[in-house]
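Colleague: As a plain string of letters, each chain reads:
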Amino acid sequence: MDKELPRMNSGSEHGFGLLAAGLEGQPVREQFAPDLFEDTTLVSAARDGDRAAFGRLYDRYARMVHGVLLAKVPLGEVDDLVQDVFVLALRRLSTLREVGSFGAWLAAIARNLAMDYHRRAAPEDQLTADLSENDTEHPMFNDEHEGAAAAILEAIRSLPEAYREPLILRLVEGMTGPEIATRTGLTPGSVRVNLHRGMQQLRERLGPSSNSSNPEQKRP
Amino acid sequence: MEAGNNETKKELQAMGNEYLWDGSGEPDPEIQRLEALLGRFQYNRPRPAFPEIVLAKRWRFFLPHMQLFPALAAVAAVAAVGVVVFLMNGRKPNRPPGWDVSAVEGTPRVGRKAISGKEGSGRLGVGQTLETDLQARARLRADEIGQIEVEPGTRLRLLNMGSELKRIALDRGTIHTFIWAPPGQFVVDTPSAVAVDLGCAYTLQVDDTGAGLVRTSLGWVGFKLKGRESFIPAGAACVTRPRVGPGTPYFEDASSEYRSALMRFDFEDSTPEQRSKDLAIVLARARQRDALTLWHLLARVDEPQRATVYGHLEKLDPPPSGVTREGVLSLDQHMLDLWWNELGFDDISVWRYWERSWSGAAPQANGK
Numbered sequence: 001m002d003k004e005l006p007r008m009n010s011g012s013e014h015g016f017g018l019l020a021a022g023l024e025g026q027p028v029r030e031q032f033a034p035d036l037f038e039d040t041t042l043v044s045a046a047r048d049g050d051r052a053a054f055g056r057l058y059d060r061y062a063r064m065v066h067g068v069l070l071a072k073v074p075l076g077e078v079d080d081l082v083q084d085v086f087v088l089a090l091r092r093l094s095t096l097r098e099v100g101s102f103g104a105w106l107a108a109i110a111r112n113l114a115m116d117y118h119r120r121a122a123p124e125d126q127l128t129a130d131l132s133e134n135d136t137e138h139p140m141f142n143d144e145h146e147g148a149a150a151a152i153l154e155a156i157r158s159l160p161e162a163y164r165e166p167l168i169l170r171l172v173e174g175m176t177g178p179e180i181a182t183r184t185g186l187t188p189g190s191v192r193v194n195l196h197r198g199m200q201q202l203r204e205r206l207g208p209s210s211n212s213s214n215p216e217q218k219r220p
Numbered sequence: 001m002e003a004g005n006n007e008t009k010k011e012l013q014a015m016g017n018e019y020l021w022d023g024s025g026e027p028d029p030e031i032q033r034l035e036a037l038l039g040r041f042q043y044n045r046p047r048p049a050f051p052e053i054v055l056a057k058r059w060r061f062f063l064p065h066m067q068l069f070p071a072l073a074a075v076a077a078v079a080a081v082g083v084v085v086f087l088m089n090g091r092k093p094n095r096p097p098g099w100d101v102s103a104v105e106g107t108p109r110v111g112r113k114a115i116s117g118k119e120g121s122g123r124l125g126v127g128q129t130l131e132t133d134l135q136a137r138a139r140l141r142a143d144e145i146g147q148i149e150v151e152p153g154t155r156l157r158l159l160n161m162g163s164e165l166k167r168i169a170l171d172r173g174t175i176h177t178f179i180w181a182p183p184g185q186f187v188v189d190t191p192s193a194v195a196v197d198l199g200c201a202y203t204l205q206v207d208d209t210g211a212g213l214v215r216t217s218l219g220w221v222g223f224k225l226k227g228r229e230s231f232i233p234a235g236a237a238c239v240t241r242p243r244v245g246p247g248t249p250y251f252e253d254a255s256s257e258y259r260s261a262l263m264r265f266d267f268e269d270s271t272p273e274q275r276s277k278d279l280a281i282v283l284a285r286a287r288q289r290d291a292l293t294l295w296h297l298l299a300r301v302d303e304p305q306r307a308t309v310y311g312h313l314e315k316l317d318p319p320p321s322g323v324t325r326e327g328v329l330s331l332d333q334h335m336l337d338l339w340w341n342e343l344g345f346d347d348i349s350v351w352r353y354w355e356r357s358w359s360g361a362a363p364q365a366n367g368k
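Chains S and L supply the protein sequences, listed in that same order.
Oh and the first sequence: position 105 is 105 in the working numbering, straight run, nothing missing.
Oh and the second sequence: position 95 is 95 in the working numbering, straight run, nothing missing.
I should point out that these hints are in silico values taken from the structure, not numbers from a laboratory.
Quick caveat, the model's predicted, so the values are computed rather than measured.
Ideal Cβ placement from N, Cα and C applies to all residues, glycine included.
Do not take every clue at face value.
Stated by the list, open to error - Covered, in the sense of this in silico footprint (three residues per stretch, anywhere, with C-beta under 8 Å from a C-beta of chain S), are these stretches of chain L:
| id | stretch |
| --- | --- |
| 1 | 19-25 |
| 2 | 173-187 |
| 3 | 202-212 |
| 4 | 290-299 |
| 5 | 338-345 |
Said to hold, decoys possible - Short derived list, chain S residues pointing at chain L, Cβ under 10 Å:
| id | residue |
| --- | --- |
| 6 | Tyr58 |
| 7 | Val99 |
| 8 | Ile156 |
| 9 | Ser158 |
As the list claims (entries may be wrong) - Not close to chain S: a few residues of chain L, all C-beta gaps over 10 Å, as computed:
| id | residue |
| --- | --- |
| 10 | Asp100 |
| 11 | Pro233 |
| 12 | Tyr258 |
| 13 | Arg275 |
Chain S with its partners taken away, still in its complex shape (with noise of 0.2 Å):
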């Protein structure tokens, strides 16, 4: 059977209409081909011990890596270990096989980093725990609204898995769905369908304020 790159089950040979809702994945490829083709320019620039063309892949990608890490690990140690990764990733580079394959590589390297880091940390058992209480008694949450904007994070992070990612990526670090498909490797679908779902969540655990602006209607 043919290689092909893993794509959300679009239904499209059904008739579903995905193309048109924007969960079919080639438009949003299509969409970022230039800026898929720069990137893999730059990696394989930076293979070759271009140390400026990694700098460039660092400044599209660093957003990307704090999203993910920030999904996982405190608040206070993310920075470190958003240059942490990119010092891996540039020690390793060499060992990766498909140019285009950078974000997803990046971001497989920035999860296990966060999970090395709660392995040295802390007990398991702890972890979620630990993830809370650092960040909520964090001394920049001096004021009201940084006291909400910690709870907010706090509740994002306490969603499932799938869902923390795009969230983040998309209210903390300001992308759309369709970079955080491109920069991660994900699917289109795939992040369209955590960020419709991680939001559904997200209304109801920040509450009736949160859900009577609500424009989404919950699932029968």
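Use these hints to put chain L onto chain S, whose structure you have.
Modeller: Only chain L this time, still in chain S's reference frame:
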């Protein structure tokens, strides 16, 4: 089919919050509020000094001195470049593929070579075996793949270190894996199933009978023997038995009665009445997150029981548009996959893609 299309369109319209998707369309005030509050956490650190910058500083330090002695400077420059290249590559040229092995405790063995002491280290090459006795622990590391902690009483073999597939066989014992290779590239054969890393960390145990247990701590793992497959997300576990393959995955915080019933259902040679009784216990005690277990059971129960499982799963997590009762009861793979994606564990298309990639290489697991 027309009805199904309409349902799907309704679902897609409900999902059609274009502002959430790409910032276009009518602004959603709640999302705008969240963006404004959470934007303070956005990453804005400048680009750090990567090794090239450190390197440039070193050269500036050396250059004034080197101008005094041109010949010496040339020799020193060549030597310095050699050292830098060596340090940056961090590996010996033409090194055969394999894993670096270090002793954490006791004396692990690679083949007949003992690895011991504080400086104890070695290399596990393709075709070689690593064994730890009851007092030994070892650590395997490969820069491009990940790290494996090996517990006492373990025997594993390195089968393959190809560019697309890294494969080991765990004959017995316990390993803790932390993999950073792309999903699907790291595969562990056990006597009763094949474990495929899908971007995660997990613990895999195999006892002397060949029975196994996988416990996932991050991401998810695919467990497969022939046509029987299980997906184990973080917090879940799955037992596997020779000649049967992977059982039904469950979350480890489920009740003992729930897990016992599931074990009997999966592996005991029970009467149909007993199986129905065990299934009833599982269904009655299933919590929201146990949709994981019920989704797997759809393909593992007899046809008359499937409708019952469907009914319970539907209550826990309703199927998305495009998934019909009839389709699920006839085990339509596309619909089952859509429903799995709805459960929120991960996108199953990653597994389908990699399954096609590696299923050509026959697993060693054969129920011996």
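Colleague: Would you mind marking each hint as holding or not holding in the structure?
Modeller: Structure-based check of each hint:
| no. | hint | result |
| --- | --- | --- |
| 1 | 19-25 | holds (count 4) |
| 2 | 173-187 | holds (count 6) |
| 3 | 202-212 | violated (count 0) |
| 4 | 290-299 | violated (count 0) |
| 5 | 338-345 | holds (count 5) |
| 6 | Tyr58 | 5 Å, holds |
| 7 | Val99 | 13 Å, violated |
| 8 | Ile156 | 8 Å, holds |
| 9 | Ser158 | 13 Å, violated |
| 10 | Asp100 | 14 Å, holds |
| 11 | Pro233 | 8 Å, violated |
| 12 | Tyr258 | 20 Å, holds |
| 13 | Arg275 | 31 Å, holds |
Going through the hint list in order, the structure does not satisfy hints 3, 4, 7, 9 and 11.
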